[in-house]
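Make the full structure from the sequences, and use the hints.
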Amino acid sequence: MNLRRDVFQAIADPTRRAILLLVATQAMTAGAIASNFDTARPTVSKHLQILTECELLKQQQNGREMYYHLNPQKMKEIADFIEPFRNMWDDRFNKLEDLMKNYKPKD
Amino acid sequence: MERKTKVNAEEGKQELVITREFELPVELLFKAYIEPEIVEQWMGTKVLKLESKKHGSWQFETSDPQGNVVLKTNGVIHEFVPNEKITRTFEMENTPFPVQLEFLEFEKLTSNTSKLTMHVVYKSVELRNQMLRMPFAQGINMAYNRLQDIVSKLKTVHS
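Sequence lines, in order, name chains A and B.
Following our numbering from start to finish, the first sequence increments by one per residue and tops out at 107.
Following our numbering from start to finish, the second sequence increments by one per residue and tops out at 159.
Treat the hints loosely; a few may be bogus.
Derived pair list, reagent style PhoX-like, types lysine-lysine, alpha-carbon separation capped at 25 Å [what the hints assert, rightly or not]:
#1 A:Lys95 x B:Lys4
#2 B:Lys6 x A:Lys95
#3 A:Lys104 x B:Lys108
#4 A:Lys101 x B:Lys4
#5 A:Lys95 x B:Lys115
#6 A:Lys74 x A:Lys58
#7 B:Lys6 x A:Lys76
#8 A:Lys74 x A:Lys46
#9 B:Lys53 x B:Lys85
#10 B:Lys108 x A:Lys95
#11 B:Lys72 x B:Lys54
#12 A:Lys101 x B:Lys31
#13 B:Lys108 x B:Lys6
Simulated from the structure, these hints should not be mistaken for lab results.
Take a look at the structure:
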């Protein structure tokens, strides 16, 4: 299972990004989402499945209907994807600074 | 706590710039890049070779806590001006990632503070983005592995 590829491939697709925007403000059924696109209903269903699998969307049963809504937690993780890279360097540089503050020349 | 390190990765560019100010004289900051025992400590890697001079080369080796070598990196040094700059290449052996070019500038701010600017150029925009995501992906994988650990423990309890 390659979570990393899934999430980033998921948001690389323009239709899927449009779906995320649509459900950003309100939960919607698959039918309501599909009505916004010219693409065939099964294609939209496939997109919804991919977005749900990588947890960008969450499903919620409401009576007979299944509603899709955005998972803000997951979206935040992606928005912050640069953070781990920065933290990695920040940790290294903090260590460097500590080391050199206590640096004693060898001779 | 405020993070002192800044990463500037503009959309659609195949480069990024890392900057950091240190509460260290520039001479000490520079020393941390050329003394192998010090590099080993803050980079968390073993230094096999570090020839800090023009046309010199370097080779690092990183191991996991069990002692298995997980990553070998190497490169050559193109420019070397003490307390000012190092221009070098960086390559991860046995990975699909091509070599990257690094321009390191060391700058004196006051007698006790200094600034490092690390300008890294990648072969393509896609490769830069992959490199940026690497620690993020490791984080996700770690979270996922932890989850699996917890799940497998739950299974043991319930069976």
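Status of the hints after comparison with the structure:
For a cut-off of 25 Å, the pair hint linking A:Lys95 to B:Lys4 stands: about 12 Å separates their Cα positions. Between B:Lys6 and A:Lys95, the direct Cα distance comes to roughly 16 Å. Compliance with the 25 Å bound is thereby established for this hinted pair. Between A:Lys104 and B:Lys108 the alpha-carbon distance is near 20 Å, which keeps this suggested pair within the 25 Å criterion. For the proposed pair A:Lys101 and B:Lys4, the alpha carbon gap of about 16 Å is at most 25 Å, so the pair holds.
Between A:Lys95 and B:Lys115 the alpha-carbon distance is near 15 Å, which keeps this suggested pair within the 25 Å criterion. The suggested pairing of A:Lys74 with A:Lys58 holds, with an alpha-carbon distance near 10 Å, which does not exceed 25 Å. For the suggested pair B:Lys6 and A:Lys76, the alpha carbons sit about 19 Å apart, so the restraint of at most 25 Å is met. A distance of roughly 19 Å separates the Cα atoms of A:Lys74 and A:Lys46; the hinted pair therefore holds under the 25 Å criterion.
Between B:Lys53 and B:Lys85, the direct Cα distance comes to roughly 11 Å. Compliance with the 25 Å bound is thereby established for this hinted pair. Restraint check for B:Lys108 and A:Lys95: the C-alpha separation of about 20 Å stays at or below 25 Å, so the hint holds. Between B:Lys72 and B:Lys54 the alpha-carbon distance is near 22 Å, which keeps this suggested pair within the 25 Å criterion. A distance of roughly 12 Å separates the Cα atoms of A:Lys101 and B:Lys31; the hinted pair therefore holds under the 25 Å criterion.
Pair hint B:Lys108 plus B:Lys6 holds up; C-alpha atoms about 18 Å apart against a cutoff of 25 Å.
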